[in-house]
Amino acid sequence: MDPRPLIISERLKEVKRVLAVVSGKGGVGKTLVASTMALALAERRMPVGLLDLDVTNPSCHVVLGVEPSKETPPEDMGVLPVSVHGLKFMSLAFYTRGEALPLRGAGVDDVFKELLAITRWGMLEALILDTPPGFGDVILDIANYIPGVGFIAVTTPSRLSVESLRRLAKTHLGGRVVGVIVNMAWKGYIPEDLGKTGFKLLTIIPYYPDLEACLGNPGMLLKTEFAKKIDEALNLLLK
Amino acid sequence: MDPRPLIISERLKEVKRVLAVVSGKGGVGKTLVASTMALALAERRMPVGLLDLDVTNPSCHVVLGVEPSKETPPEDMGVLPVSVHGLKFMSLAFYTRGEALPLRGAGVDDVFKELLAITRWGMLEALILDTPPGFGDVILDIANYIPGVGFIAVTTPSRLSVESLRRLAKTHLGGRVVGVIVNMAWKGYIPEDLGKTGFKLLTIIPYYPDLEACLGNPGMLLKTEFAKKIDEALNLLLK
Amino acid sequence: MHEWALAEAIVEAVCGYLSKRGVNRVASLKVAVGELQSVDEGILRFAVEELFKGRGVEVSSLVFEKEPAVFRCNSCGRTWRLEDLGIPEDAREAIHFIPEVFHVFTRCPHCGSQDLEIIQGRGVYIGSLEL
Amino acid sequence: MHEWALAEAIVEAVCGYLSKRGVNRVASLKVAVGELQSVDEGILRFAVEELFKGRGVEVSSLVFEKEPAVFRCNSCGRTWRLEDLGIPEDAREAIHFIPEVFHVFTRCPHCGSQDLEIIQGRGVYIGSLEL
Ligand SMILES: Nc1ncnc2c1ncn2[C@@H]1O[C@H](COP(=O)(O)OP(=O)(O)O)[C@@H](O)[C@H]1O
Ligand SMILES: Nc1ncnc2c1ncn2[C@@H]1O[C@H](COP(=O)(O)OP(=O)(O)O)[C@@H](O)[C@H]1O
Ligand SMILES: [Mg+2]
Ligand SMILES: [Mg+2]
Ligand SMILES: [Mg+2]
Ligand SMILES: [Mg+2]
Ligand code: NI
Ligand code: NI
Ligand SMILES: [Zn+2]
Ligand SMILES: [Zn+2]
Numbered sequence: 000m001d002p003r004p005l006i007i008s009e010r011l012k013e014v015k016r017v018l019a020v021v022s023g024k025g026g027v028g029k030t031l032v033a034s035t036m037a038l039a040l041a042e043r044r045m046p047v048g049l050l051d052l053d054v055t056n057p058s059c060h061v062v063l064g065v066e067p068s069k070e071t072p073p074e075d076m077g078v079l080p081v082s083v084h085g086l087k088f089m090s091l092a093f094y095t096r097g098e099a100l101p102l103r104g105a106g107v108d109d110v111f112k113e114l115l116a117i118t119r120w121g122m123l124e125a126l127i128l129d130t131p132p133g134f135g136d137v138i139l140d141i142a143n144y145i146p147g148v149g150f151i152a153v154t155t156p157s158r159l160s161v162e163s164l165r166r167l168a169k170t171h172l173g174g175r176v177v178g179v180i181v182n183m184a185w186k187g188y189i190p191e192d193l194g195k196t197g198f199k200l201l202t203i204i205p206y207y208p209d210l211e212a213c214l215g216n217p218g219m220l221l222k223t224e225f226a227k228k229i230d231e232a233l234n235l236l237l238k
Numbered sequence: 000m001d002p003r004p005l006i007i008s009e010r011l012k013e014v015k016r017v018l019a020v021v022s023g024k025g026g027v028g029k030t031l032v033a034s035t036m037a038l039a040l041a042e043r044r045m046p047v048g049l050l051d052l053d054v055t056n057p058s059c060h061v062v063l064g065v066e067p068s069k070e071t072p073p074e075d076m077g078v079l080p081v082s083v084h085g086l087k088f089m090s091l092a093f094y095t096r097g098e099a100l101p102l103r104g105a106g107v108d109d110v111f112k113e114l115l116a117i118t119r120w121g122m123l124e125a126l127i128l129d130t131p132p133g134f135g136d137v138i139l140d141i142a143n144y145i146p147g148v149g150f151i152a153v154t155t156p157s158r159l160s161v162e163s164l165r166r167l168a169k170t171h172l173g174g175r176v177v178g179v180i181v182n183m184a185w186k187g188y189i190p191e192d193l194g195k196t197g198f199k200l201l202t203i204i205p206y207y208p209d210l211e212a213c214l215g216n217p218g219m220l221l222k223t224e225f226a227k228k229i230d231e232a233l234n235l236l237l238k
Numbered sequence: 000m001h002e003w004a005l006a007e008a009i010v011e012a013v014c015g016y017l018s019k020r021g022v023n024r025v026a027s028l029k030v031a032v033g034e035l036q037s038v039d040e041g042i043l044r045f046a047v048e049e050l051f052k053g054r055g056v057e058v059s060s061l062v063f064e065k066e067p068a069v070f071r072c073n074s075c076g077r078t079w080r081l082e083d084l085g086i087p088e089d090a091r092e093a094i095h096f097i098p099e100v101f102h103v104f105t106r107c108p109h110c111g112s113q114d115l116e117i118i119q120g121r122g123v124y125i126g127s128l129e130l
Numbered sequence: 000m001h002e003w004a005l006a007e008a009i010v011e012a013v014c015g016y017l018s019k020r021g022v023n024r025v026a027s028l029k030v031a032v033g034e035l036q037s038v039d040e041g042i043l044r045f046a047v048e049e050l051f052k053g054r055g056v057e058v059s060s061l062v063f064e065k066e067p068a069v070f071r072c073n074s075c076g077r078t079w080r081l082e083d084l085g086i087p088e089d090a091r092e093a094i095h096f097i098p099e100v101f102h103v104f105t106r107c108p109h110c111g112s113q114d115l116e117i118i119q120g121r122g123v124y125i126g127s128l129e130l
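Chains as they are written, first to last, in numbering that gives the first Met the number 0: chain S, 0 to 238; chain U, 0 to 238; chain A, 0 to 130; chain B, 0 to 130.
Mixed in with the good hints there might be a few duds.
Claimed, not checked - Straight-line distance between alpha carbons at most 27 Å, and here's what the computed DSSO-like set of lysine-lysine pairs gives:
1. K29(A) with K19(A)
2. K65(A) with K52(A)
3. K238(S) with K15(S)
4. K65(A) with K199(U)
5. K199(U) with K186(S)
6. K238(S) with K195(S)
7. K112(S) with K52(B)
8. K112(S) with K65(B)
9. K112(S) with K29(B)
10. K227(U) with K199(U)
11. K29(A) with K65(A)
12. K186(U) with K186(S)
13. K19(A) with K12(U)
14. K19(B) with K112(S)
15. K199(U) with K29(A)
16. K12(S) with K19(B)
17. K227(S) with K238(S)
18. K169(U) with K195(S)
19. K12(S) with K52(B)
20. K186(U) with K222(S)
21. K238(U) with K227(U)
22. K112(U) with K69(U)
23. K29(B) with K19(B)
24. K69(S) with K238(U)
25. K52(A) with K29(A)
26. K65(A) with K12(U)
27. K19(A) with K238(U)
28. K195(U) with K222(U)
29. K69(S) with K15(S)
30. K69(U) with K169(S)
31. K19(A) with K199(U)
32. K69(U) with K69(S)
Unchecked claim - Just a few of them, taken from the derived set where beta-carbon distance is under 8 Å, the chain A residues facing chain S:
33. N73
34. S74
35. R77
36. T78
37. P108
38. Q113
39. D114
Keep in mind that the hints were calculated from the coordinates and are not lab data. Heads up, the beta-carbon is just placed ideally off N, CA and C, and yes, glycines get one too.
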């Protein structure tokens with residue numbers, strides 16, 4: 000018998016809401032949205048956590064400017080997330096020293112359960128989950144082990160990405176979606192296609208060529224138009 | 000005993016080279032690169048195949064303009080790839096009717112083995128594989144069951160993507176990489192960071208805002224600057 | 000008739016096993032045939048026999064065993080049989096080629112999840128082989 | 000000392016099992032401790048005992064069993080023990096928290112692949128429970 004499933008809900012007992020940033024396609028901005036969302040909530044002085052569940056390719060630490068080999072989550076009857084920029088941050092990168100982890104799904108599933116079983120978040124208004132692209136072990140585990148979770152689906156306006164959103168709507172995971180963020184929208188984009196999914200639109204974020212320079216610098220990132228758009232989405236989500 | 004592993008090499012006996020388009024990060028252009036590469040080789044009148052192995056989120060059919068619910072791979076002592084635009088095309092989308100397939104890694108591994116065990120490619124100069132982002136079951140299976148495979152790594156100039164390329168170089172899969180394509184490069188981008196990986200640069204492709212309109216229209220796609228850049232990469236790869 | 004491709008896989012695997020041991024006869028071969036894939040056993044048997052003949056391999060006892068399909072829902076923990084899942088008839092053809100696509104066409108009858116695991120009865124494999 | 004968190008998981012799982020059956024005593028509980036995670040058995044036992052006490056659960060026989068770690072290479076098929084893999088000392092701490100990160104720090108001694116599967120001896124689980 001695996002002892003971890005039951006303890007996972009125990010560990011999240013004092014977490015008011017869990018929001019997982021998801022998408023069928025990669026590269027749509029999940030990591031940037033999840034990280035900025037967590038930073039924006041911390042700016043509002045809300046106790047917030049950020050958990051990078053893109054297990055084989057974690058990158059929230061790059062956005063936050065955290066050097067994973069220089070920091071270790073402290074041990075205290077479990078492990079405590081690392082405090083950075085006013086938020087509590089946990090990532091597998093702390094244990095892989097930032098290197099790649101080639102891993103099959105069964106291993107990803109084990110990592111998920113272990114991370115959630117040992118990390119003590121304490122009281123949080125919100126825990127933001129960054130996830131890998133696609134609908135594999137991590138997304139299925141989130142749906143199974145975190146009953147109240149809400150999915151924030153991210154898409155670009157590209158047909159390849161909207162098609163993938165349409166498909167998500169038709170799966171059993173579709174019911175978890177609390178809203179959609181359209182990211183890297185080109186000028187004049189009209190979200191007609193989204194109608195078919197029935198999902199609520201949270202915000203449309205343009206493509207900002209200068210955003211790259213803010214990676215690793217949360218202070219700068221929070222001052223961008225991108226962060227303002229994320230704030231818009233949060234207002235809709237939290238009301 | 001699983002009867003499929005041995006037959007996989009049998010099925011690829013007459014395939015001269017297998018090239019898998021890979022990346023740790025999603026959304027870097029793998030699907031567009033793989034599809035355009037296959038189309039460009041077909042233009043050269045080479046017998047070429049395209050296999051979409053992005054099992055939980057296939058999208059090559061969208062680029063090729065193939066409606067997966069209207070076409071079925073013919074049966075003939077196995078299944079035959081569908082002939083479109085001068086190439087042989089196989090995708091799980093033919094069997095999922097284009098819908099999403101939420102699937103854990105163990106299932107993805109089974110799909111890989113089944114698809115490769117039953118598909119009869121015949122004689123091909125090249126078989127191009129489109130893959131899901133990250134280093135999970137599909138990539139590990141490709142490395143294990145297709146001994147001569149070459150990886151074409153795709154990256155954008157973003158730190159998040161180059162970091163993921165650096166990590167790939169340090170895994171046991173790094174030795175499979177036959178070249179790198181930098182895609183969606185901004186003006187003035189200099190590929191300094193690539194030096195660290197030791198990978199060969201095949202081409203640098205700019206971001207073309209009009210490319211979206213060519214999705215689903217191979218004729219138009221082949222006339223773009225993007226396709227010319229892919230041709231450049233092919234010249235380096237095939238010489 | 001993609002059963003022929005599955006037969007080739009079985010024969011290739013057995014021949015690989017035999018050639019490593021330098022023999023060309025099998026006392027008993029059991030092939031498990033999972034219910035989910037609904038393989039045509041008659042065609043499969045015919046193809047396997049033909050292919051072994053072509054390879055000069057003699058198989059004294061060749062048995063095909065139907066394996067009932069059993070599923071477990073990873074969301075609610077319940078187990079199910081194939082008939083419980085009510086997979087639509089027109090999806091069976093696709094599942095016949097790639098069994099995993101059943102995930103697209105079915106849900107857990109109890110909780111609606113698509114996160115079903117197939118515990119047994121997926122497809123064709125070699126159950127046992129005696130020289 | 001994250002062993003305390005693992006102990007909580009064990010106790011939570013056992014208590015969940017007991018409360019479904021309306022009992023609060025266990026005749027025998029076996030906890031398997033996988034070699035790879037190199038858990039401190041003394042601390043784990045202490046924590047498990049304390050936590051059961053706090054929950055008012057009586058466990059007559061509590062046994063911790065070391066499970067040696069065995070790996071199989073998915074590329075070449077060979078199997079290995081932990082000592083074969085030569086995992087660097089300073090990586091053991093990370094593996095202690097998340098066993099799967101051993102993939103980063105080791106290769107198959109035969110073929111160099113990182114695609115190793117852990118067949119047994121990964122981490123902590125409940126081997127058996129008798130009421
Ligand atoms: N609105 C935007 N404008 C400009 N660049 C963006 C925007 N959103 C994301 N990016 C960039 O796009 C790339 C992919 O974003 P990322 O968050 O890593 O996506 P994902 O996590 O979905 O793979 C990154 O280089 C990121 O910095
Ligand atoms: N050079 C480029 N210029 C403009 N758009 C591009 C370019 N390359 C790819 N795209 C677009 O970027 C998105 C991601 O590409 P895709 O091939 O789906 O990436 P992946 O397969 O790596 O997830 C798609 O909408 C695609 O049309
Ligand atoms: Mg990401
Ligand atoms: Mg793709
Ligand atoms: Mg048929
Ligand atoms: Mg320690
Ligand atoms: Ni058939
Ligand atoms: Ni510890
Ligand atoms: Zn269920
Ligand atoms: Zn090996």
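Which numbered hints fail: Result: hints 4, 5, 15, 18, 24, 26, 27, 28, 29, 31, 32, 35, 36, 37 break, sorted rising.
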